[in-house]
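Residue numbers (UniProt numbering), protein chains in the order written: chain A, 1 to 445; chain B, 1 to 408.
Hint data in this document are derived by calculation from the structure and do not stem from the laboratory. Misleading hints may appear alongside valid ones.
Said to hold, decoys possible - Lysine-lysine pairs mimicking DSS-like chemistry, simulated, CA-CA at most 27 Å apart:
| id | chain 1 | residue 1 | chain 2 | residue 2 |
| --- | --- | --- | --- | --- |
| 1 | A | K187 | B | K336 |
| 2 | A | K187 | B | K174 |
| 3 | B | K174 | A | K111 |
| 4 | A | K324 | B | K198 |
| 5 | B | K289 | A | K78 |
| 6 | A | K320 | B | K220 |
| 7 | B | K198 | A | K397 |
| 8 | A | K324 | B | K296 |
| 9 | A | K341 | B | K289 |
| 10 | B | K220 | B | K336 |
| 11 | A | K354 | B | K325 |
| 12 | A | K307 | B | K77 |
| 13 | B | K72 | A | K320 |
| 14 | A | K397 | B | K289 |
| 15 | B | K198 | A | K354 |
| 16 | A | K202 | B | K310 |
| 17 | B | K174 | A | K324 |
| 18 | B | K198 | A | K379 |
| 19 | A | K320 | B | K317 |
| 20 | A | K202 | B | K89 |
| 21 | A | K324 | B | K325 |
| 22 | B | K77 | A | K320 |
| 23 | B | K174 | B | K310 |
| 24 | A | K307 | B | K325 |
| 25 | B | K325 | A | K156 |
| 26 | A | K78 | B | K310 |
| 27 | B | K310 | A | K344 |
| 28 | B | K72 | A | K324 |
| 29 | A | K354 | B | K20 |
| 30 | A | K324 | B | K77 |
| 31 | A | K118 | B | K174 |
| 32 | B | K73 | A | K341 |
| 33 | A | K324 | B | K220 |
| 34 | B | K310 | A | K79 |
| 35 | B | K296 | A | K354 |
| 36 | A | K202 | B | K220 |
| 37 | B | K289 | A | K181 |
| 38 | B | K174 | A | K354 |
| 39 | A | K156 | B | K174 |
All figures in this text were calculated on a predicted structure; none of them were measured in a lab.
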Amino acid sequence: MSFYLKPPRGLVNLHTFQDCVEQRLKCYENIFHGNEEKISSLVYLVEDSPLDRTGHYLFRLLSYFNTSFRYVFLENEKKLLLLRLNCYHLEDVKYFLKRTLKHSRECLNEKSIHETVKHIYSLLVYLCSCMLRRDYLNHVFMDDHSDSDCERFQLKVPFHLCASLLFHREVNLNRGYVVIKCLEWKKLLVSVFETFLRTAIKEMRYSRNVQLVASDDRIKNVFKVIENRWRKTESCGEGSSNGIRFNVSNIDAESIIFPLCMLNLYKVLQRTNRLSHNERFDFSLFMKGIGISLSDAVRFWENAYSKQHSACSKCSHDWKNNEKRYIYGIRHLYGLEGSRKDYKVRSCNYFQEKTLSAMEDGGCPFRHFDDDNLRRILKNLLPNKEDEVEVMIYERKEHPGLSCKLFQENVFQIVTNSTTEVACDTNFNDPVQYYLSLKRLICKQ
Amino acid sequence: MSTSEFNEEHLPDLLPLYYKRLFPHLSFYRWLSYGNAAVFARREISFTLFGDIYIRFQSFDTHEDFVNELQKKYPVKIDLGAVYYTKPKDRSPVSVLQPVEKEIVFDIDMTDYDDIRTCCSGADVCTKCWKFMAIACKILDTALREDFGYEHILWVFSGRRGIHCWIADDEARKLDDNVRSAIAEYLQVIRGGANKMKKVELPGDRIHASLVRALSIIDKYFVDCVIKEQDVLGTDERLSNFLSIIDEDLRSFFRTPMKNVGTSLERWNAFEETFVHLLHKNQIPRNLKNLREEIKLQYSYPRLDINVTKGVNHLLKAPFCVHPKSGKVSVPFNPKMVDNFNPNTVPTINLLIDEINSYDEKTKEQEKSLNETDDSVIQKIKIKDYKKTSLLKAVSIFEEFLRPLEKG
């Protein structure tokens, strides 16, 4: 296993360099599809070999520049690490711990390293030293360790260095330290690895070499190769600059072909005349993406927010008193204020993965709604399609996106009054793409 | 000028006086500088002025600058942002400011409890539903200290219907978005959104230690405050909401025994008895073994708006602001005394102004009478104005929070 603490050294020819990238991409794909056995045949992924390091460091470089790829990079490198750890026998573990200890100590001795990275190296030195002790290794690997709660050899780690363990309350905390039980060592190392990568990536902004390297054409080419393969994880929300125009006075009629997430928000807005901040943000970006102009958007919100808010809504502001703030907000989303960023609607993945608080309305309905509520809404929207509704409810547990696609097909059939099966060439990764692909299909009919 | 009843329209007259004589700006400055003036100078402080004029990315080089601007602009609301690498006011229009540090913050709003509280809804709050805030405060405060080891925690009444929590520990302020998200998710137990009836899932055999601790706090309040006082099972509608949390397969077992009795307490007892009965008959599926705890948590565990906690650059209303609708001051309170905190008796700006005025009147009279009887020089002890008012307690609590911060 490798923490990739040290970059590769020496020279490599361009052809081999490009192969490193290819193989690592294949590795990621195999991880995604659960084909772990195929990874061991990838020559350039021999652990911590110069070529393995080359691939890793190159991908790390790209993830510094491309924040959506960063998520892919972190997830896959963590999985690769875990795969390797799971294959280990005692001797392998000892070897890797010794090597990691050696590298960490060497890194600590380097001059001009930032405090944050220093803490991680120190932690690795501490962890490896603890785990290399004979009594620890004997106990964890040799003793009968069927009791997963065994705490004989606890490791205590400051929580901010293994923060990923907190998300699902997988570990206990004590005064700022995560208490790691014997069998949790793998989980711990993967979490610390993630912290290390995130920190290392952040520190790259202070390195002149990083900017130099990224301007090299050969590097730019491999970046393009990687990005093309992972384009599906990026939100390709289409902005209003696409030339599509949406007449906002039609919004009520058009709403039947909105994706369920946005239709839900639209209905909340109709019912209560208000949406809370995040929901308003997401719905506004959807409106922008489907082609509603800035002035139409302002008028739309003015119309809603000039009405009395119902007692059960979350917001007590109104247009008359807070007009400036709302207009500024909408203009900001259209890239006309502040940092002038061209905001795009968030991806389906975002809405699915989002944690919703107690009464939030956002998120992906196929992921978040419970069976009763989802069934009620789907039956209402898709009359006489009880069987199809049950399929959607069944599928959404594993694949909310697939369920949404089925929903799209059924809406298509109802709107066009047909029973034709929609060819599976509509592919959407965000609510705007859902709407536009459905609209295109309907217009073709 | 004084009014006994708060009237929004008088705010433009009252606020300048408030900032001149009552707002504890020196304590405020001491807090935000953390012993280093340069830190204060790089803090983003935004103002909302009358007429919904919002000014972001302000910063103040000195305490004096801050006070002058406060008194000149008398903002309706003050928001605190992060400390940045460059002074926010000096930023260039196209650059993106890099945050250095900010307190970890939590925001608990009573409207998030609207689906379970029965006494009030929306903007209203009373001593009955305030109990939810008391439970939330205790659970969160304990978790932050025992699980995370934090010590410098400030609890503030938000001004109308909620509470804010500010963690000022050095290590806490330096944490990035990712770690803040991890903390928020660790503490966020109630999830799922408006369209998920069951909002707490505790699968598995064991309940996490931090939730066991939370449940022991909840148990002190649950029967008296939630079941009886809030009467959460007292009507058919409320019973129906309760039952919708239970899996459809099990629901019918509980519906009849609970419907057969009338009061909330009887219904809760019926629920518990039925559950234990089913448990003994092995009719409770493994993933629902902790159903009682899940329900207690759903009705009592703190409901956090975790978006507020996750972002380093998220703005949050500052303590000691005056709420424009209620006139109440966002006062700090002692978490150990949260049970006695009454949101209805929080000092309002007009009360404070009244108190200052009447103190001034009394002093004038005393001086007059002294002048008539005694020619000796009167030692005028300058007492800070807030000490003459109901704001004294709040500022003392704030000072209590500051003292250990300044020592370390």
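(request) Of all the hints given earlier, name the ones this structure violates by number, lowest first. (result) Checked against the structure, the hints that fail are numbers 1, 4, 5, 6, 8, 9, 11, 17, 25, 29, 32, 33 and 36, while the rest are satisfied.
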